[in-house]
Structures are given as C-alpha cells and as structure tokens.
Amino acid sequence: MMNTFSLPDFAALAPLIASRGQADVLRALRVSDLSIDDLAALLSPAADEFLPAMASRSQSITQQRFGRVIQIYAPLYLSNYCTNSCLYCGFSAENKIRRRCLTLDEVEDEANTLKTRGVNHLLLVSGEAPKMMGVDFIEQVALRLKDRFASLSIEVQPMTEAEYARLFAAGITSVAVYQETYDPALYQRLHLSGRKADYGYRLATPARAAAAGMREVGIGALLGLGDWRSEGLALGLHLAWLRKQFWRTGLTVSFPRIRPAEGGFQALTPVSERNLSQLIFALRLFDHNVGLLLSTREEARYRNGMLGLGPTRYSAGSCTAPGGYAHDEDSDEQFAVDDQRTIAEVCEAIHGQGFDPVRKDWDSCFQDSSSHSS
Amino acid sequence: MLSIAGKTFSSRLFTGTGKFASSSVMQQALIASGSEMVTVALRRIDLNDPEDDIMQVLDRTKFFFLPNTAGARNASEAVRLARLSRASGGGNWVKLEVTPDPRTLLPDPVDTLLAADELVKDGFVVLPYINADPILALRLQEVGVAAVMPLAAPIGTNRGLITRYQIEIIIAQAQVPVVVDAGLGAPSHAAEAMEMGADAVLVNTAIAVAGDPVRMAAAFRLGVIAGREAFKAGLGAASDEASASSPQAGLDFIR
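Residue numbers (the numbering used here), protein chains in the order written: chain A, 1 to 374; chain B, 1001 to 1255.
No lab work stands behind these hints: they were computed from the structure. As the structure is a prediction and not an experimental result, all values here were calculated from the model. From the three backbone atoms N, C-alpha and C, an ideal C-beta is built for every residue, glycine too. Keep in mind that a hint or two might mislead.
[Claimed, not checked] Here are the in silico distance ranges between beta carbons for each label pair: (1) B:1123 to A:53: 53 to 61 Å; (2) B:1232 to A:22: 52 to 60 Å; (3) A:351 to B:1001: 34 to 42 Å; (4) B:1110 to A:354: 34 to 42 Å; (5) B:1003 to A:304: 43 to 51 Å.
[Said to hold, decoys possible] Taking lysine to aspartate or glutamate and the EDC-like style, the derived pairs with C-alpha atoms no more than 20 Å apart in a straight line are: (6) A:115 to B:1046; (7) A:131 to A:163; (8) A:244 to A:161; (9) A:244 to B:1101; (10) A:146 to B:1046; (11) A:115 to B:1051; (12) A:115 to B:1053; (13) A:115 to B:1101; (14) A:115 to B:1036; (15) A:146 to B:1101; (16) A:146 to B:1052.
Input sequences plus hints: build the corresponding full structure.
In structure tokens:
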C-alpha cells in the first residue's frame, strides 16, 4: 500500500527557519546536496542579504541542468463552475460571476487558437465541479487534442488514482495540484465548504497522480495566505518525499502570488518580489532538477529579469476565462494576469535575452495505453 | 576513419542539439565542432513540420542525423518513438536512450537491452546510451548494436571521466565502436577519453552552456583530435616512481 505524505507540525517550521543564522546560510550556499535544514537557512531572514549569491548559484545550477532554454506553455480554461467556497478565489461558488462550461467543440476551438499562436504545451484548467466537468469530459478532451499537442497537463479537481490512470491512458501527461497553504489550521479557515475543504485528501493528491503513472506532478502554494517561508519549507519536504516515493515522476513547483480577483480578497501576508525571488532561488538550490514555473501572474519586468535565474517554464498570452481565446468573452476570469504580452512578444523577449523559447519539448507519441507500467 | 555500421566519419566528435540559446548559435557551434554526426531528441522536434526550428538549421547533407529517444521511460516507449521517427523520414539509425529517472537521467540497463534487441531485429542501427557497465556492453554487442555509448558521468554534470576504469574495460573488450557519451565537461576530458582509446565522444551540454558555445565547440574539436593523435602515437605508461637510471639495477643476479 502506498505511503502517505505527512507534514511535521506546520507551526514548528517557522521557529526552525527563524533559528537559522548567517553561518547556516553560508553552509547551504557551499554544499551541493542540501538538507531540509539547509533549505530552512536559505528561506530565513538571515539569507536575505545573500540574495545575490543565491541568485548566482541558482543561475549556474539551472543553466547547467536545463541549458539556455525556457519552455513555453499556456492555460486553457475549460470551466469556471465551482462547488468549493474558497475565500481567495474568483471562481468561488458564492461569487456572482458569469459562469461557463465549454463544450468539446469549444475546447477544440480554444486549443486550435492557441496552437496557431505557437503553443504546444497546454495546461487544461477548470474550477472544481465534477458534475459539469468530470473525468469523462476531460478524457474526451485529451483524446481529441493529444495528437496535436506535445503535452497536456491538467489543473482541475483532485481525482482518484484510477481516474488519473484513465486520463494518462487518454493522453494527459501531467497533473498540477496546489495545496494553497500547507498550514492545516489556516486551510480550514479559507476553505469553507466543498470537496476542497478536506486538507488531507488534497495533500495526498500529488501522490495519487504519480502512482497512476503521470509523467510529471506539479505542486505549489498560493503565496499570500500563510507565512511564505514556512510554505517554502513545506514545499521542500513535499518535494523530497515525492522524489523518494516516485523516482520515475518528474516534479514541478509553481509560485502563484495572489492576484486581484472577484470577491476582493486581500493577501493575508504580503509576499514581495524579493521574497518570491528568495523562495525560488532556495528551492532551486535545494532541488537541481525540479521544473520551476513562473506564470503571467507576475509582470513582464520581473519575468524578464528572472530569465535564466531559476524558473524553467513560462506561461504566455494567458487568459483565465473559459472561452477567452477563440470566443468573445462572455464569462469571467479567475484572476487578472499581470503580464499581458502576447505569446509572440514573450518569446521575442526571451530570445532577445539570449534564451531559446522552446515550444515543443515533449511528444504525444511517448504515451499510449500500452506504455503504462508501474 | 571511424566506421559505424558501414558509414565512415572523419570527425570523432559527435554533438547534440539541446540547451542552446538559439538555433542559430547551435548551428554555428555544430559547424565549429567539425562534427559529422549530430543527435537530436525526437521529443524536441516535429519531423512532419517543414518549419521545425531545429531541423531547418540542421543541414542533413553536412550532418548525419542521429535521432534519440530521450525521455522514454521504458523499452516500449523507446521502440515506438524510433519507429515513428523512421516512418517520418528520420532514417533507421537511433541513439537509444531509456531514462526512467527524470532527475539523474541515468539509463535503464534492463529496458535498454530489451529495446536494443527489438530494434536491431526490426532493422535499426542502434547506438545505445548506457552506464559504463562492461557486461551490459557485451550483452548489447551480442544482440547486434552498432556501437556502445557508455557515460563518463551523469549527463549534464560536466564531471569528466568518473567511470574511467569501467570504460577502460569496455574499450578493451568491445568489438564495436565505443563512443564515450555524457558528462564530458572540458576538452581535456574529451582528450582523455580519446587517449584511452575511445573511438569517439559525444558532447552537448559543455558546448551549449559555455560562455561562448562556438569557441568551445572548436576547442572540443581540437581536444578530440589531440587525444586521438596521442592514442595513435602510443602514450608512455604513467609511473608513480622515477625509473631506475640503470635498467639492470637489482637484476645483477641474472647471468
């Protein structure tokens, strides 16, 4: 039977981080295999003054491992219906927004539009309303799109291992599921009702996706909810556990900072760009191989500046409303993006800074139902 | 001249196409390397797209195209990818890579052997990427691979010949060409592999992520030539002690 990931007492993480001093930071900058204690040092206030050294080390590790390339992806929103009530999210069930659930043909139109703009790595996103957008529908989407795209990822409601196995066989390559906050007490306060209110079920989701054979599993915390340093350490613990349990599974981490959204939720704990950068560098030093995503939630100036310093994947030209690419907007977005450049403009900027914006770095041929082995 | 499966190469430096800042830098670096065989990850290209960024700059009249199965987690994926490549005009050569661990990208010996067997029977010229395991190299030779490609160090690490002793055994035993692949971080590493008697080396990361990839490609070209020349010239054996000045010292009892 599969082990389950459990976090040590979340409240114990902050004191561990706070106890790290300059000597610990220097040690963490020197060693090549970082322990959790080293990660705590890099997340600590004591590491702030070493940000340039962390950036430099992160840059060198990233370029050695990934080269001078940035993989480009785009989200495709399938539906903004949601049965959860989450205080920070524009799709939250009680918000009075224009809801829309795309039909298969509409999904295909959206996908074709993105394809003509040069997108090959597609992230399918939806609110959590399994009756409107269940595993059957997503399976149909995968079967329709898989031959036209290098990879198809999903960021939808958590599913069972059997459902993930079905989707993998249909052509879904990876699953992203963010814990939002690893602090169980805060989690309960923010997730009022719906399936998502179950912290433990969500925490065990990345493992279910990996066990089902998914190529890649993405984790993350929504920055602006809990203490970002503790969230960073929890992410490190989660990563380290997944690495050991699922050695065949690629791992990625996202760093979504809270953006303005319907409902008017304000960040509980502001996370500055400097904080975000420290978090990204710390995780890169902790895990040399993990894919790091930097989305259009961040503005162009910051994304340009971060090129080559740690993140390996950039979304581009994103619209967070279902139907927003090919159709007139008649539904509302999940949040407002801050980098509003087109895909071509983002790629041009990446190229201009000496990096190759890679549109295809996978192939649907890898996967068919007979290739699944565990 | 190096000959693999009946095809001859005057350059013993093979190169890759990953990690470059742009396809134009890649193209210039490949030219500077003098390489005649270039490996390309099938996952990175679209053989059916005439405007594919890599295939557009890769002049197949100058560079022999060696598609690789990087990303395959098991034998069946690798075999399927190779067949699709051949069906799309990618030819019947394949650099077989089965790397189930996405972190170290170390090759799976079991599935590599299975896939090699299947692909050779299907008419492919197979060049498997392997750990520096002499017995595995022999087993692959038995199933009919065209060369073996043992790693110097885990891919992308630039650590040089950390598997040196294993590779020496492979070179001593092999009846097929031995191409040292992965982990070579400097022209001196490439020279060292060639001095040991490797038939060729494959270098990608060390060129692609260098400050000046074109210049580094040229440096690797020279390193490979120097190492090969030294091997042909016959290196003197290294010794921990100075040689006795009189060769007869201590042997006076011999009549």
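Can you name, in rising order, the numbers of the hints this structure does not satisfy?
Failing hints, ascending: 13, 14 and 15.
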